[in-house]
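When the letters of the sequence shown are read in order and numbered with UniProt numbering, they come out as residues 1 to 416.
A hint or two may mislead.
What the hints assert, rightly or not - Pair ranges (Cβ atoms, derived):
1) Gly192 / Ala252: 39 to 49 Å
2) Ile416 / Ala260: 33 to 43 Å
3) Pro99 / His279: 35 to 45 Å
4) Pro285 / Ser51: 38 to 48 Å
5) His279 / Arg244: 18 to 28 Å
6) Gln158 / Gly33: 53 to 63 Å
What the hints assert, rightly or not - List of simulated lysine to aspartate or glutamate pairs, DMTMM-like, C-alpha gap at most 20 Å:
7) Lys288 / Asp241
8) Lys288 / Asp235
9) Lys288 / Glu328
10) Lys2 / Asp284
11) Lys288 / Asp216
12) Lys288 / Glu211
13) Lys2 / Asp387
14) Lys288 / Asp224
15) Lys2 / Glu191
16) Lys2 / Asp101
Derived by calculation from the structure, the hints in this document are not laboratory data.
Since this is a predicted model, take the numbers as computed values, not measurements.
All C-beta atoms, glycine included, are put in the ideal place defined by N, C-alpha and C.
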Amino acid sequence: MKLFPYGHATHPQWRMAAALVLAQLRAHMALPGYAHMPALGLLYITDHYASAAQDILEFLGAELPQVTDWSGTVGVGVASNNVEYFDEPALAVMLCDLPSDQYRVFSGVAPLGLGFEAHTALVHADASTPDVAELIAEMAGRTATGYLFGGLASSRTQSVQFAVGGNGNIKGHGAASGVFSGGLSGVAFGEGVHLVSRVTQGCQPVAPVHEITGVDGNVLTALDGRPALDVLLGDLGVSLDQPRQALARVRATLAGLSDAGSDSVNRTGNFGSDVIVRHIVGLDPARKGVAIAETAEVGMRLAFCQRNVTAARADLIRICAEIREELEPEEMPLSTATVLAAAEADSAPNAARRIAGAIYVSCSGRGGPHFGAPSAELQIVRRALGDVPLVGFFAGGEIARHHLYGYTGVLTVFSI
1 MKLFPYGHAT HPQWRMAAAL VLAQLRAHMA LPGYAHMPAL GLLYITDHYA SAAQDILEFL
61 GAELPQVTDW SGTVGVGVAS NNVEYFDEPA LAVMLCDLPS DQYRVFSGVA PLGLGFEAHT
121 ALVHADASTP DVAELIAEMA GRTATGYLFG GLASSRTQSV QFAVGGNGNI KGHGAASGVF
181 SGGLSGVAFG EGVHLVSRVT QGCQPVAPVH EITGVDGNVL TALDGRPALD VLLGDLGVSL
241 DQPRQALARV RATLAGLSDA GSDSVNRTGN FGSDVIVRHI VGLDPARKGV AIAETAEVGM
301 RLAFCQRNVT AARADLIRIC AEIREELEPE EMPLSTATVL AAAEADSAPN AARRIAGAIY
361 VSCSGRGGPH FGAPSAELQI VRRALGDVPL VGFFAGGEIA RHHLYGYTGV LTVFSI
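Just need the whole structure built from these sequences, with the hints factored in.
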């Protein structure tokens, strides 16, 4: 497997942006270290281009006839190596050089068939789809490893997905012609495609982990045997006697949920990958309850948390170091990888790192100003992981394993 050609561009006119991307792709394919005839294309566009999604796909398909399969979606921002295009018209493309018998493109109208044994899958989903979290869990159950990665489309206009398989449209798409809305789509990968994926959290607990001992649907009534509202106010150090101050703190607070016995907080004091972060959506003074945007169960663990830039930066560097250590275990122990991850990366892709390409899906609430400057988040990835082919998008929710996350980043690399 060689390096994956990739390109990215912004321009008010999508044809100009697509032409710039094509120039980059063709330049990469002419280099000896890159794939020359990749067949799978990943396409991410910002919502500025959503109305032109069909035209963009047809244009790229005509210019790149060797690419017979396409997958992708729309985001309020798209990402590539060292750069973010947030709230501006842009697109990013990566061409993956994978054996044709080791992947399948699927969609809601053309589900994954029984003839392909999926081990992992890249999943794009429409947030407006009913029971989307359950559909994601069901899809994970149809893979051998139970591991998915990807995210929910995010758009202020149309929510679109791309899915084209084989030498033309997936059977059943009809007039959709590879562009559609609703449900799930993506690429399932076989056992021969080697992936390494990690979740990085963007929030940090502000108090100890509690056990949920009373719940009514999405209203927490008791934590550790005490009224949930009393626990929340105590953890935040506020009182309803001063309602303005208390409500300001509550609005800035989120709830980190995990199953009983799971890894809620790691040794660095940050959330583990088992934690899903949800909004606090209301208070119930009559029952002394706290309503969250998730249905909970007795026995689950909960820690109140807040978004934290310093913790998010450190955790992002950590997962990059773990990926590098896993790909280079003999040459680079984790301690060395962590030191190198904090240093400046090489100026060119390094095939010795065994990374052919990468996909990064980040929460739309993390991009841009959250990390301090434009493109700051992707610059951290570049410094930590190295100068590797990468594309991605800013999502309305992130998918990893069988969970739907929020305020996280999901980094997945294809190893050579």
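Which of the numbered hints are not met once you compare them with the structure shown?
Checked against the structure, the hints that fail are numbers 6, 9, 10, while the rest are satisfied.
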